[in-house]
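*Asks:* Below, each chain spelled out in residue letters.
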Amino acid sequence: MSKTMAREKKHLRGRRQQAEQEQVYHKKLIRRRKPNRSIAGDIFLYLFLLLVAFIMAFPIIYAVSNALKPLDELFKFPPRIFAQHPTLDNFSDLFVTMGKSWVTFSRYLFNTVFITFVGTLGHLIIASMGAFVLAKYDFPGGNAFFKLVTVAMMFTGWVTQIPNYLLLNRLGWIDTYWAIIVPAFASPMGLFLMKQFMEGLPTSLIEAAKIDGANEWRVFTGVVMPNVKPAWMTLIIFSVQALWNNKASTYIYSEERKTLVYALQQIQSGGIARTGQGAAVLVVVMIVPIIIFIFSESQILETMASSGLKD
Amino acid sequence: MKEYLHKYIELRKHDMQVAVRKAKARKMCYLFLAPYAILFTMFFVFPVVASIWYSFTYYNILEPPRFIGLQNYINLILQDDIFLIGVKNTLMIAVITGPLGYILSFLFAWLINELPRWIRSIAVIVFYAPSIAGNCYVIFSVFFRGDAYGYVNALLMNVGIIDSPKLWLIDPTYMLPICMLVILWMSLGTGFLSFVAGLQGVDRSQFEAGYMDGVKNRWQELWYITLPNMKPMLMFGAVMSITQAFGVADVTMALCGYPSTDYAARTIVTHLFDYGFSRFEMGYACAIATILFLMMILCNKAIQSLLRRVGT
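Chains as they are written, first to last, in the working numbering: chain A, 1 to 311; chain B, 1 to 312.
For reference, chain A alone in the conformation it holds in the complex (with noise of 0.2 Å):
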């Protein structure tokens, strides 16, 4: 009797200790929330990351402090990293000096907005159409096609430019803003992401919608754009970051339909006079991507999320 009662004991024991020892590394988990890492890895990391991010944002700050300078100090030996007395004078002689040139800054300013704006919306709009019933749909030549974009994505505009130049002076495009805006349409990074996260769109919702008598067009406008814009915004970003540097010196040759990219070459070319304009110039050309860029993050990174390449 009092055997088997020891025995209990001893077992009693041995799984009040194992439920401490479970405890004890229950806790370790809980505290070390991240295992396999070491606190002085971790500092490490960041002081590296903040050196890194340093040498990468320079000169981004360099030229917008540039930008911000009036004439005196852009000339100062040694010269300063930052503005002592930051002006906005270099931005308004874009307008007040080169107001008076033949082709304004303004006209410049058109061309991009206006070149960057149609070619963004029907990129969107067509390669959506298309990456809708490629995602959606089974049918055939589909894949087929999808994987001739894919491999589109491979080599760079450059391969095609001549004959595109040849295509283009055919179809009298040349010395136009279609030259640069309906290839733009095409673009196959934009089809394909858009493709891509449709995919994770749920089937069921297309079906739903039809069941209800929506037409494919209805259920294109209705349900399927609503649910994707995180990859409006990609495509947006994507194109106008191209559509926007574009330079275009091949395809337009007359100076009252040159790009904003081209006008910075001009001025830079300009001589010392044009520093101060130059610098402004420069920080038109380069924000207005980074700024879509800063308001859109949360909703690029979810669609790049899709992005893999499946073989």
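Hint data in this document are derived by calculation from the structure and do not stem from the laboratory.
A virtual CB, placed ideally from N, CA and C, is assigned to each residue, including glycine.
No incorrect hints appear here.
Cut-off 25 Å, straight-line C-alpha distance, at most; resulting in silico cross-link-like pairs (PhoX-like, lysine-lysine):
{"no.": "1", "chain 1": "B", "residue 1": "88", "chain 2": "B", "residue 2": "301"}
{"no.": "2", "chain 1": "B", "residue 1": "27", "chain 2": "A", "residue 2": "136"}
{"no.": "3", "chain 1": "B", "residue 1": "24", "chain 2": "A", "residue 2": "136"}
{"no.": "4", "chain 1": "A", "residue 1": "147", "chain 2": "A", "residue 2": "136"}
{"no.": "5", "chain 1": "A", "residue 1": "147", "chain 2": "B", "residue 2": "231"}
If you want the ones that stay clear, here's a sample from chain A, every Cβ over 12 Å from chain B, calculated:
{"no.": "6", "residue": "68"}
{"no.": "7", "residue": "89"}
{"no.": "8", "residue": "175"}
{"no.": "9", "residue": "223"}
{"no.": "10", "residue": "254"}
With chain A's structure known, arrange chain B on it following the hints.
*Replies:* Leaving out everything else, chain B in the frame of chain A:
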């Protein structure tokens, strides 16, 4: 044998009929795809085919193209020394900045992955900004100015490493390394975003499971858990960085001039640009474009088959 062939043709015929019937039932799909498909064919598929065709001809826009066989390619490889300089430079840039930029993209995406949310989003902006900042790289020509006013010269002279200003962007010895530096600065692009997003999507419970199974440090976590989960993003990032690495031209043209001293910063693309839009030898330029196209596609295929083995 004949019977077998007959059967095969019969089967094919049946497949075709099914496909046609399916296509008829899905007419609206083609309607939706048509605008994109037409433009894509016009501006991406057709130019590649046309480029290959023109590469076998002599074409200067004024006269109709004249078929000359492989003459363009023979001239390119055997006679055009500048093209070979361009190929050498492009390969140098691609081999160094391509993989390095790719690894840096992944490394930083991975390092910032564990930061608190708001710091992470700032870090993404800071790292990604250079690649969308458009022409911001021209600011480097201020840093690397050839006289004592340039920041790099001033700094190095103050420290005492050099005693007279160096002509960074005019001296052929320094051109390529500086271009590579600038390209690396801009290399955290689309692939980087894809990595950041992909890392966020890795299932947390896998790390816990790995911890139980004896994963001991960051690096083992990376190799056994993170990388295999990221394969599709790794592929996508590779495509992006290869395409970028072979297409280098804007940076070298803006920093080192066009044409650069002794053609030391010439790449395949600037050569293409030169023949296509300065000399209007379209056939010759198309041969360059075709070579560039083949290089990009082959490199992409090779890297993709390599990446399939990651984490196994």
